[in-house]
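Undergrad: Residue strings, one per chain:
Protein chains: 2
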Amino acid sequence: MKVVEEIGYTPNRLAASLRQGRSYNIAVLLPDISNPYISPIVRSVERVAQLRGYSVILKDTQDDPELERSFTAMVNTRQVDGIITNSQRIPFDISADRPVADQIPPIVNASEFCDLDGIHKVGVDNVAIGRDATEHLLQLGHTRIATITGPSSILSSKQREQGFLAALNEAGVAFDERLKFEGDYSSESGCDGVQKLMQLKNRPTAIFCFGDLVAMGAMHALRELGYRIPDDISIISVDGIALSQYCAPPLTTVAQPLTLIGEQCATTLIDLIEGRKPEKLINILPHQLLTRASTAPIPGFT
Amino acid sequence: MKVVEEIGYTPNRLAASLRQGRSYNIAVLLPDISNPYISPIVRSVERVAQLRGYSVILKDTQDDPELERSFTAMVNTRQVDGIITNSQRIPFDISADRPVADQIPPIVNASEFCDLDGIHKVGVDNVAIGRDATEHLLQLGHTRIATITGPSSILSSKQREQGFLAALNEAGVAFDERLKFEGDYSSESGCDGVQKLMQLKNRPTAIFCFGDLVAMGAMHALRELGYRIPDDISIISVDGIALSQYCAPPLTTVAQPLTLIGEQCATTLIDLIEGRKPEKLINILPHQLLTRASTAPIPGFT
DNA sequence: GCGGCACATGAAATCGATTTCCAAAATACT
DNA sequence: AGTATTTTGGAAATCGATTTCATGTGCCGC
Chain A
-8 MKVVEEIGYT PNRLAASLRQ GRSYNIAVLL PDISNPYISP IVRSVERVAQ LRGYSVILKD
52 TQDDPELERS FTAMVNTRQV DGIITNSQRI PFDISADRPV ADQIPPIVNA SEFCDLDGIH
112 KVGVDNVAIG RDATEHLLQL GHTRIATITG PSSILSSKQR EQGFLAALNE AGVAFDERLK
172 FEGDYSSESG CDGVQKLMQL KNRPTAIFCF GDLVAMGAMH ALRELGYRIP DDISIISVDG
232 IALSQYCAPP LTTVAQPLTL IGEQCATTLI DLIEGRKPEK LINILPHQLL TRASTAPIPG
292 FT
Chain B
-8 MKVVEEIGYT PNRLAASLRQ GRSYNIAVLL PDISNPYISP IVRSVERVAQ LRGYSVILKD
52 TQDDPELERS FTAMVNTRQV DGIITNSQRI PFDISADRPV ADQIPPIVNA SEFCDLDGIH
112 KVGVDNVAIG RDATEHLLQL GHTRIATITG PSSILSSKQR EQGFLAALNE AGVAFDERLK
172 FEGDYSSESG CDGVQKLMQL KNRPTAIFCF GDLVAMGAMH ALRELGYRIP DDISIISVDG
232 IALSQYCAPP LTTVAQPLTL IGEQCATTLI DLIEGRKPEK LINILPHQLL TRASTAPIPG
292 FT
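Protein sequence lines correspond, in order, to chains A and B. Sequential numbering from -8 applies to the first sequence in our numbering. Sequential numbering from -8 applies to the second sequence in our numbering.
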């Protein structure tokens, strides 16, 4: 060890990786790093990975299937041992006659799910989230509830909508198709949605935004148009990003357990890599309604 | 190539890296991924790296010097070819009698600088930012301007403060020490700062927050206390994160060219790695004052 | 027709840690 | 004491692409 110190020897991890056939890297594939809801997930993935001796390679796919596919190839080239992906596409060709597990490398679907069975998934119950948010509004007396959804191609958005409709249905409230605006989870789509929705003759008394960013854009547009929140209109959303409590007014939102999702993803993936069988194939974590000031009873509601 | 297709051969990048002594990975060291101002930087680093054949390994240092040092060791172990760091600490022992460049691996200081010469740096002129923000407020007639700064140990904060004081000085305005609150760039510190500052007998008419997150916390606290922005008090800050335009009111802020910073960092680092000499040792990029609705002239100001 | 040169081909060495292998030494057991 | 088992030590093979080296082939010019 004295000599090691003297000549400043450090082991070459690449050589070790080559011999062992393991890179001790995991890739995290994200359509967009900029969405603040992803930061706590990445942060906790990083923390757990670090703890278990792995490094995290971050890949911004810009939601481009081509890029996704090229990143996935990093498993074959041995640059990474496994993948956490926040996309609903799994860029592998799966044939139905063999078990899925044999056809793919270690992979975990985070928060945003693909529709393939046999893939490990960690996330929330988006149907329940849609239902809970809607029930909160219904309890406050709202019946004209608009939605600003995510892209209709995205499962999480479809499921939240499903929960929304189920809750309306159970309450015996009919849904007006004109109160739906399809956005893309961005703040801009929140703005656009509000502009469209508030032109209606029969305006909504509440808007259910499918993401906190959307809600922030929506609230901005509402303020511009001179509406008061929550006096004139209530806003509820999903995600529970840190900044949601600093909105004006602080945002009522169904929070996802982001840190927990990250932890579970990393744990599951590394278990898979190391040949341990993860406890669950599908790991649904609890969400939580954070009731803040952006929702209120409709005027005259007892 | 037909055989390659048939047996599904993919080259093992690890083997290539071992032989070539290059991993084609670069590390990005960040004290906290969660700060939204860092996302566009990371995103563009990733994009440029991708374009030039490199992958980005993300490391959340949690501002812990110990972790930083261990991550830096990844250069020695050949896991990464170079480092972009957002910290003001450079975890290398530098002796003064040899050129710095010979003692460190390829490294680029992003946005947050260390005080060591000879390190490549990409960022903004924080003194000028402090000055510009202050002059904007002065032009609106404000003279009782409070600051909610970053940690006093952080260079960017010190420099913004320096610019602030210089601008006040040039305008012949004396600075009241009680109007300074030392925060830590977090939203919480914005809240705390406002609570403290608004207890003063002689309250400020404007607050200069040293980050957008800080401003969002500060505006939240001000609203809670019943102040109107910008009627009762003006708020200005620094960063120019995407969400700043959706604040209530939209935030006047001195925007950093975040995407550009990321691009330049990646370009400079990869040039260093590949033996090309980067154009500049210190690369200062232009900032821009975004005048929005959170600042207004003091009442009765012409 | 033959030396000289560029180019192509294939075998062998290389990167550096891990793993395997074999022989030698140390310990255990009857 | 003698065999069986474990431990130890060091040499050699291994991972797979890159690089080097040594041939062999083809083409040019004199």
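A portion of the hints provided could be inaccurate.
The list makes no distinction among identical chains, and a pair is therefore deemed to hold if it is satisfied within one copy or across any two copies.
Said to hold, decoys possible - Straight-line C-alpha distance at most 25 Å; calculated DMTMM-like pairs for lysine to aspartate or glutamate:
id, residue 1, residue 2
1, K192, E215
2, K271, D55
3, K268, D84
4, K187, D88
5, K271, D223
6, K171, E254
Everything labelled a hint here was simulated from the structure, so no lab data went into it.
Undergrad: Between K187 and D88, at a C-alpha cutoff of 25 Å, which is it: within one copy, between copies, both, or neither?
TA: neither (48 Å within a copy, 67 Å between copies)
Undergrad: Please work out whether the CA atoms of K271 and D223 approach to 25 Å or closer within one copy, between two copies, in both situations, or in neither?
TA: neither (45 Å within a copy, 55 Å between copies)
Undergrad: Quick one: K271 to D55, C-alpha cut-off 25 Å, is that within a copy, between copies, both, or neither?
TA: neither (29 Å within a copy, 34 Å between copies)
Undergrad: Can you tell me if K192 and E215 fall within 25 Å by alpha carbon in one copy, between copies, both or neither?
TA: Within one copy only: 19 Å inside, 34 Å across.
Undergrad: Between the shortest in-copy and the shortest cross-copy C-alpha distance, which are at most 25 Å for K268 and D84: within, between, both, or neither?
TA: within (23 Å within a copy, 44 Å between copies)
Undergrad: Can you give me the call for K171 and E254, within, between, both or neither, at a CA distance of at most 25 Å?
TA: neither (34 Å within a copy, 39 Å between copies)
Hints 2, 4, 5, 6, counting from the list given before, are not met by this structure.
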